[in-house]
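A.B. asks: Work out the full structure: start from the sequences and follow the hints.
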Amino acid sequence: MYRFHTCPIEGEATRVLYRHPTFIDYGLALTINREAEQHAVECHIVTGVIDGESKLDAVTDHTIPLDVQIWCFTAMRTLRDSVNTDSLDLNALFTNNSGIYYYTVNQEN
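Residue 1 is where the sequence shown starts when you use the working numbering, and the numbers rise one by one after that.
Hints are computed from structural coordinates only; laboratory data are not their basis.
Some hints here could point you the wrong way.
Derived SDA-like pairs (lysine to any residue); straight-line CA-CA distance at most 25 Å [said to hold, decoys possible]: (1) 55 to 73; (2) 55 to 17; (3) 55 to 24; (4) 55 to 76; (5) 55 to 31; (6) 55 to 4; (7) 55 to 14; (8) 55 to 12; (9) 55 to 84; (10) 55 to 85; (11) 55 to 98; (12) 55 to 1; (13) 55 to 93; (14) 55 to 3; (15) 55 to 91; (16) 55 to 34; (17) 55 to 83; (18) 55 to 66; (19) 55 to 23; (20) 55 to 2; (21) 55 to 96; (22) 55 to 65; (23) 55 to 70; (24) 55 to 100; (25) 55 to 40; (26) 55 to 42; (27) 55 to 68; (28) 55 to 69; (29) 55 to 97.
Label-pair ranges, simulated between beta-carbon atoms [stated by the list, open to error]: (30) 35 to 63: 19 to 27 Å; (31) 33 to 74: 34 to 42 Å; (32) 77 to 100: 13 to 21 Å; (33) 61 to 38: 29 to 37 Å; (34) 94 to 12: 29 to 37 Å; (35) 7 to 49: 29 to 37 Å; (36) 25 to 2: 18 to 26 Å; (37) 74 to 49: 22 to 30 Å; (38) 60 to 85: 27 to 35 Å; (39) 102 to 23: 29 to 37 Å.
Note that the Cβ used here is the ideal one computed from N, Cα and C, for glycine as well.
C.D. replies: Structure, rendered in structure tokens:
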């Protein structure tokens, strides 16, 4: 899990998941805290059936494909580096994904 502050993030979603473009059972899950003056994002690399409904498991080691790790860490770096921009649009943030899913609190692992 990684957590850092970002610029204001557009929209209302608090739990967003980007699915990897090739390894579709892996993704980057974001939990967005909009309550503070400066928004914060908690990131988890997850695995499981990514369909917007199923529970996912957080990856806690480096046994996943290297391509997935690089993709996730690049996305996290993009988020982290956005701290000095005016705003951030989650729908346009990562064009290299195979779907964006919105989760509810009850689905979070």
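A.B. asks: Against each hint, give a clear statement of whether it holds in the structure.
C.D. replies: Now for the hints, and whether the structure bears them out:
For the given pair, residue 55 sits about 22 Å from residue 73 by alpha-carbon distance, which is consistent with the 25 Å threshold. Between residue 55 and residue 17 the alpha-carbon distance is near 12 Å, which keeps this suggested pair within the 25 Å criterion. Between residue 55 and residue 24 the CA atoms are separated by roughly 15 Å; this keeps the pair inside 25 Å, and the hint holds. Using a Cα cut-off of 25 Å, the hinted pair residue 55 and residue 76 holds, with the two alpha carbons roughly 22 Å apart.
Distance restraint check for residue 55 and residue 31: the Cα-Cα separation of roughly 15 Å lies within the 25 Å cut-off, and the hinted pair is therefore satisfied. The hinted pair formed by residue 55 and residue 4 meets the criterion: a straight-line CA distance of about 24 Å does not exceed 25 Å. Of the supplied pair hints, the one linking residue 55 and residue 14 holds, its CA atoms being roughly 16 Å apart against a limit of 25 Å. For the hint linking residue 55 to residue 12, the alpha-carbon distance of about 21 Å falls within 25 Å, and the restraint holds.
Pair hint residue 55 plus residue 84 does not hold up; C-alpha atoms about 33 Å apart against a cutoff of 25 Å. Restraint check: the Cα-Cα separation between residue 55 and residue 85 comes to about 33 Å, which exceeds 25 Å; the hinted pair is violated. Using a Cα cut-off of 25 Å, the hinted pair residue 55 and residue 98 holds, with the two alpha carbons roughly 18 Å apart. Between residue 55 and residue 1, the direct Cα distance comes to roughly 17 Å. Compliance with the 25 Å bound is thereby established for this hinted pair.
Of the supplied pair hints, the one linking residue 55 and residue 93 holds, its CA atoms being roughly 24 Å apart against a limit of 25 Å. As the CA atoms of residue 55 and residue 3 are separated by approximately 21 Å, the hinted pair is consistent with the 25 Å bound. Using a Cα cut-off of 25 Å, the hinted pair residue 55 and residue 91 holds, with the two alpha carbons roughly 22 Å apart. Among the hinted pairs, residue 55 with residue 34 is consistent with the structure: their alpha-carbon atoms are about 23 Å apart, no more than 25 Å.
A distance of roughly 30 Å separates the Cα atoms of residue 55 and residue 83; the hinted pair therefore is violated under the 25 Å criterion. Simply put, residue 55 and residue 66 have alpha-carbon atoms about 23 Å apart, close enough for the 25 Å limit, and the pair holds. Restraint check for residue 55 and residue 23: the C-alpha separation of about 17 Å stays at or below 25 Å, so the hint holds. Between residue 55 and residue 2 the CA atoms are separated by roughly 20 Å; this keeps the pair inside 25 Å, and the hint holds.
Annotation: proposed proximity of residue 55 to residue 96 holds, straight-line Cα distance about 23 Å (limit 25 Å). With a C-alpha separation of about 21 Å, the suggested pairing of residue 55 with residue 65 holds against the 25 Å cut-off. Our distance criterion of 25 Å between C-alpha atoms is met by residue 55 and residue 70, whose separation comes to about 23 Å. About 15 Å separates the Cα atoms of residue 55 and residue 100, which keeps this hinted pair within 25 Å; it holds.
At most 25 Å may separate the alpha-carbon atoms for a hinted pair to count; residue 55 and residue 40 meet this at roughly 23 Å. Taken as a hint, the residue 55 and residue 42 pair is honoured in the structure, with Cα atoms around 17 Å apart against an allowance of 25 Å. Only pairs whose Cα atoms come within 25 Å are accepted, and residue 55 paired with residue 68 is accepted, the gap being roughly 19 Å. Proposed proximity of residue 55 and residue 69 is supported: the alpha carbons are some 20 Å apart, at most 25 Å.
Proposed proximity of residue 55 and residue 97 is supported: the alpha carbons are some 20 Å apart, at most 25 Å. The given range of 19 to 27 Å is broken by residue 35 and residue 63, whose C-beta atoms sit roughly 35 Å from each other. The supplied range of 34 to 42 Å is broken by residue 33 and residue 74, whose beta-carbon atoms lie about 22 Å from each other. Taken as a hint, the range 13 to 21 Å holds for the pair residue 77 and residue 100, whose Cβ atoms sit roughly 19 Å apart.
Distance hint for residue 61 and residue 38: a CB-CB separation of about 31 Å, consistent with the stated range 29 to 37 Å. Between residue 94 and residue 12, the C-beta spacing of about 19 Å breaks the proposed range 29 to 37 Å. A hinted range of 29 to 37 Å holds for the C-beta pair residue 7 and residue 49, which are about 32 Å apart. As the Cβ distance of residue 25 to residue 2 is approximately 21 Å, the hint placing it in 18 to 26 Å holds.
For the pair residue 74 and residue 49, the beta carbons lie near 24 Å from each other, so the given range of 22 to 30 Å is met. In this structure, residue 60 and residue 85 meet the distance hint of 27 to 35 Å, their C-beta atoms being roughly 31 Å apart. Here the CB-CB span from residue 102 to residue 23 is close to 21 Å, at odds with the stated 29 to 37 Å.
The structure does not agree with the numbered hints 9, 10, 17, 30, 31, 34, 39 stated previously, though it agrees with the rest.
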